Amino acid sequence: MGKLTDLLNLAHERGRALERPYQGELTPQEAYDLLHLAPGARLVDVRTRAEWDWVGRVPNAVEIEWNQYPGGVRNPNFLAELKRQVDPEALVMFLCRSGVRSIGAAAAAAAAGYNNCYNVLEGFEGDKDANGHRGNIGGWRKAGLPWIQG
1 MGKLTDLLNL
11 AHERGRALER
21 PYQGELTPQE
31 AYDLLHLAPG
41 ARLVDVRTRA
51 EWDWVGRVPN
61 AVEIEWNQYP
71 GGVRNPNFLA
81 ELKRQVDPEA
91 LVMFLCRSGV
101 RSIGAAAAAA
111 AAGYNNCYNV
121 LEGFEGDKDA
131 NGHRGNIGGW
141 RKAGLPWIQG
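Under our numbering, the letters of the sequence shown match residues 1 to 150, in that order.
Keep in mind that the hints were calculated from the coordinates and are not lab data. Only a predicted model underlies this, so the values are computations on that prediction, with no experimental measurement involved. Watch out, some of these pointers could steer you wrong.
[What the hints assert, rightly or not] Per label pair, the in silico range of CB-to-CB distance:
{"no.": "1", "residue 1": "Gly40", "residue 2": "Ala107", "range": "28 to 36 Å"}
{"no.": "2", "residue 1": "Asp53", "residue 2": "Ala80", "range": "19 to 27 Å"}
{"no.": "3", "residue 1": "Gly144", "residue 2": "Pro21", "range": "26 to 34 Å"}
{"no.": "4", "residue 1": "Trp54", "residue 2": "Gly113", "range": "31 to 39 Å"}
{"no.": "5", "residue 1": "Gly113", "residue 2": "Pro39", "range": "14 to 22 Å"}
{"no.": "6", "residue 1": "Leu37", "residue 2": "Ala107", "range": "23 to 31 Å"}
{"no.": "7", "residue 1": "Gly132", "residue 2": "His12", "range": "31 to 39 Å"}
{"no.": "8", "residue 1": "Ala130", "residue 2": "Gln85", "range": "36 to 44 Å"}
{"no.": "9", "residue 1": "Gly132", "residue 2": "Pro88", "range": "33 to 41 Å"}
{"no.": "10", "residue 1": "His12", "residue 2": "Asp87", "range": "19 to 27 Å"}
{"no.": "11", "residue 1": "Gly71", "residue 2": "Ala38", "range": "33 to 41 Å"}
{"no.": "12", "residue 1": "Ala130", "residue 2": "Gly2", "range": "21 to 29 Å"}
{"no.": "13", "residue 1": "Ala80", "residue 2": "Gln29", "range": "30 to 38 Å"}
C-beta atoms are modelled at their ideal positions from N, C-alpha and C, and glycine is treated no differently.
My request is simple: use the sequences and hints to build the entire structure.
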């Protein structure tokens, strides 16, 4: 089997173990690898505009807020924006700050007919460390993957 198949199989296994309603769970490195291995794959960053502007952006990611800033209210246009920007046949990976909001986004997309959805574990910043700081334990940035300051 090729690397693409191996990565997808591993993600499927993780997703099944966690009883997710979408295709699977990826580490940040695996998500980055899939962007290069799977034709047409898209990374959808579901953090808020404030997070993109102040914390950092992933180059070429589709940016659609899951919760709106300020206030944290669910974005009522999330699925409409997703359908406008991302082909339902594409392999779609969802990224947030720590891998929690992206679970909801991936589940909503799967329920809306996106059949190849994945969550990116750890998110962009990862979990908080003992001092309450993000960016030191897991995440896209900690993995050394491409990002830019907003």
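Checked hints:
1. Range check, Gly40 to Ala107: Cβ separation about 22 Å, and the 28 to 36 Å hint is violated.
2. One distance hint, 19 to 27 Å for the beta-carbon pair Asp53 and Ala80, holds here, with the actual separation near 23 Å.
3. For Gly144 and Pro21, the hinted distance range of 26 to 34 Å is satisfied, since their beta carbons lie about 31 Å from each other.
4. One distance hint, 31 to 39 Å for the beta-carbon pair Trp54 and Gly113, holds here, with the actual separation near 33 Å.
5. For the pair Gly113 and Pro39, the supplied restraint of 14 to 22 Å holds, since their beta-carbon distance comes to about 20 Å.
6. In this structure, Leu37 and Ala107 meet the distance hint of 23 to 31 Å, their C-beta atoms being roughly 24 Å apart.
7. Range check, Gly132 to His12: about 34 Å between beta-carbon atoms, so the 31 to 39 Å window is met.
8. Checked against the given bound of 36 to 44 Å, the beta carbons of Ala130 and Gln85, roughly 38 Å apart, stay inside it.
9. Separation of Gly132 from Pro88 is about 39 Å and conforms to the stated range, judged on CB atoms against 33 to 41 Å.
10. For His12 and Asp87, the hinted distance range of 19 to 27 Å is satisfied, since their beta carbons lie about 21 Å from each other.
11. Our hint of 33 to 41 Å for Gly71 and Ala38 holds, since their Cβ atoms are close to 35 Å apart.
12. Range check, Ala130 to Gly2: Cβ separation about 40 Å, and the 21 to 29 Å hint is violated.
13. Between Ala80 and Gln29 the C-beta distance comes to about 31 Å, which sits within the given range of 30 to 38 Å.
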